[in-house]
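> The chain contents come next:
Protein chains: 2
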Amino acid sequence: MAAKPLLPVSDALDAIKTSITTLPAERIAISKAHRRYTADIHKARLSHPASDVSAMDGYAVRSEDVVDLPTNLKVIDESAAGKPATAAVQQGQAIRIFTGAVMPKGADCIILQEDTIKQNSHITIAEASDAGKFIRKAGQDFKAGDVLIPAGKQLTARDIALLASAGIDEVLTLPAPRVAIVNSGDELVEIGITPAHGQLVNSNGAMLAAMITAFGGEAVDLGSLPDKSGALEHLLHANGAFDLIVTTGGASVGEHDHIIGDLQNHPQSKVNFWRIAMRPGKPLIFADWDGVPLLGLPGNPVSTGVCALLFVQAAIAKLQGRHLQHDICSARLATPLPENDKREDYIRTNLSVCDDRVLIATPAEKQDSAMLSFFAKAGGLIIRPPFAKALGIGEEVQVIRFPTGF
Amino acid sequence: MAAKPLLPVSDALDAIKTSITTLPAERIAISKAHRRYTADIHKARLSHPASDVSAMDGYAVRSEDVVDLPTNLKVIDESAAGKPATAAVQQGQAIRIFTGAVMPKGADCIILQEDTIKQNSHITIAEASDAGKFIRKAGQDFKAGDVLIPAGKQLTARDIALLASAGIDEVLTLPAPRVAIVNSGDELVEIGITPAHGQLVNSNGAMLAAMITAFGGEAVDLGSLPDKSGALEHLLHANGAFDLIVTTGGASVGEHDHIIGDLQNHPQSKVNFWRIAMRPGKPLIFADWDGVPLLGLPGNPVSTGVCALLFVQAAIAKLQGRHLQHDICSARLATPLPENDKREDYIRTNLSVCDDRVLIATPAEKQDSAMLSFFAKAGGLIIRPPFAKALGIGEEVQVIRFPTGF
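Sequence lines, in order, name chains A and B. Note that my numbering has the first sequence beginning at 17, numbered continuously upward. Note that my numbering has the second sequence beginning at 17, numbered continuously upward.
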């Protein structure tokens, strides 16, 4: 029997995006909203400033009273920030005013403190500024109802201040999907335990938790699973609700790969696809587990990481309803690449910029998917389509650059 | 009396860096170390792989037994991931092996599962791979003692996996300084409260908390302080230990500016400098409060934000012992700029890239330091040195680009 052709990477991504349903937006306190994405436009509830205010320390006067200088005005009241004057300025009068304080009625001009001489309850004015100068007009920054922040914006610290100053205390944001991490493999010991002969430290759990956080999800690491039939169901059953389940290992064809078996045998589970035309990442599984999407990643840490970048990130973006845009750019090869076979190849590469600002890609000599040291140093992945021809030094390749924190 | 010349920005930065003492490095669990900076090199405690392991599912054999094909070998044991075989392979024998499992003694060659036919306890081998192929050699990724991560690296998710796989469970990191935030102003109401006439929502607290987090600090927002003499001492006294105190407002010369007064009057406080040759940010204070450095920022939110970028970030970096490098680049002006006066000017600007990849800076029309809406939209700050000459459209300026999350 001819082997079924492996699913192309783009078809795998399409299947993930099509079958995952976007979660509802989440309303959160503005103090928690830093770096979250807005799910809607946000309009000002208040104008800023709410009233005309002084931009300086000085005196609020009528401009017609300071045409002929020097002149002498009577100080009748004070307007401080948060404590507006109650009186209005009338002919021959001034009101002491401080930065940020509301302009008193009747006044249209600020005289700077340093341009006055004070004697008891009067000031002598030597120099006057133009009417309106040093006055921040009501709504000068924004008016109630103005759109301050568009939908889909990742909120900065400055955006938080802008929203707060507009009277907004909650923001409608794209959700942070809850993602369960399950690592499988009898050889795994947890971080902090010295592995016995033949054992390995579980490095995938901590790596995926950090990646999922960087992708905008909330990671819940459920620890390691033994290579035993039925173990996945047992673990997930005991651990509440998730929006996405990510497993590692147990996805290959060996007798000790139980994740795929558990998915195929569980009555409420449906395997959407298994095995794709990709290197690393061929054993990738995408399934539905009692209504929750499940991505089964290969267990070699480089395969796990590359599949997280492509598929876990895409799944989280779809759960959020966000358009995912990879940072893809052209680079020139520093070493040749052989022609590619039928699997789309994602080649770990160093990236550097040469004198004329051209990006140079230097692929790792060994592309073994268990080798973490180069993966940690790499700047991105060269994408080699199936059957791509051999390339020489200086020829152009497309590179996905790793996102911040990845 | 001639006014004392204002302190230049570079002298203010030097004073901050000189007087702040770097905190000790912090040892933290690797699960908390994502995005933290390493304080030292980190060497592998274990080799990876620890032993020679198989990269595939198949059979471990002696290469000399598979020279003449087809051949027939007896399967005497199994080596699975985490469960090494106890037997050694002798002439005419094979051991069943799975991906990631330890190579049995005596074997130097992996026969792929798909190149064999199994009958009871024997396999017939139709095709053999070269000795060593599909075997991951001990220490191939890294050896115990290898330097895996340099000092001063911000840890990615991949770095976390690399360290975990090397048997490291704690990382020596640059500390996250504890930074107190104190906002002052009788006009301020907290987020969620509707301001009365003349009042404002305190937007600086939430903005600074987000910025301090983005700069690598741990922000503790102590809320707002009334414009009352002695209030600062009262609040700080009640709130434990900090590595840095950041105040906003109360730094100007008005009668209601009590922060500077409290600092000048408190017996254990020493004002290092007050007022600098900068726009916005002139009223900046740098003081020592019972041994803790204190930055007094102006209260207008744009001034607060710009001073946070320059001075709070520099103070946090010095507390960490980290070299701070701003993202400074050249841009061409889209609109002219007038000549500058004696204060170094930090002009809010939009940044865009034109067709020929040149960065274009479009300064905000109004540079009012109370206007948050443009500040939130801006991409950076044009730096205008004191007495810089007027510049026309297309002329070159230097721009600090805002960091992620700012």
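These are calculated hints, taken from the structure and not from any lab test. Any given hint might turn out to be false.
Which copy is meant is left open, because identical chains are indistinguishable; a pair holds if it fits in one copy or across any two.
Unchecked claim - Computed list of lysine to any residue pairs in SDA-like fashion (alpha-carbon distance at most 25 Å, straight line):
hint	residue 1	residue 2
1	K134	T37
2	K48	V236
3	K121	V205
4	K90	L22
5	K134	A406
6	K244	E94
What you are looking at is a predicted structure, and each value in this text was computed from that prediction instead of being measured.
> For each hint, tell me whether it holds in the structure or not.
Right, here's what the structure says about each hint:
1. K134 <-> T37: Neither way: K134 and T37 sit 70 Å apart in one copy and 45 Å across, limit 25 Å.
2. K48 <-> V236: both (19 Å within a copy, 14 Å between copies)
3. K121 <-> V205: For K121 and V205, only the inter-copy Cα distance (24 Å) is at most 25 Å; the intra-copy one is 74 Å.
4. K90 <-> L22: neither (89 Å within a copy, 34 Å between copies)
5. K134 <-> A406: neither (85 Å within a copy, 38 Å between copies)
6. K244 <-> E94: between (79 Å within a copy, 17 Å between copies)
Violated hints for the displayed structure, listed by number in ascending order: 1, 4 and 5.
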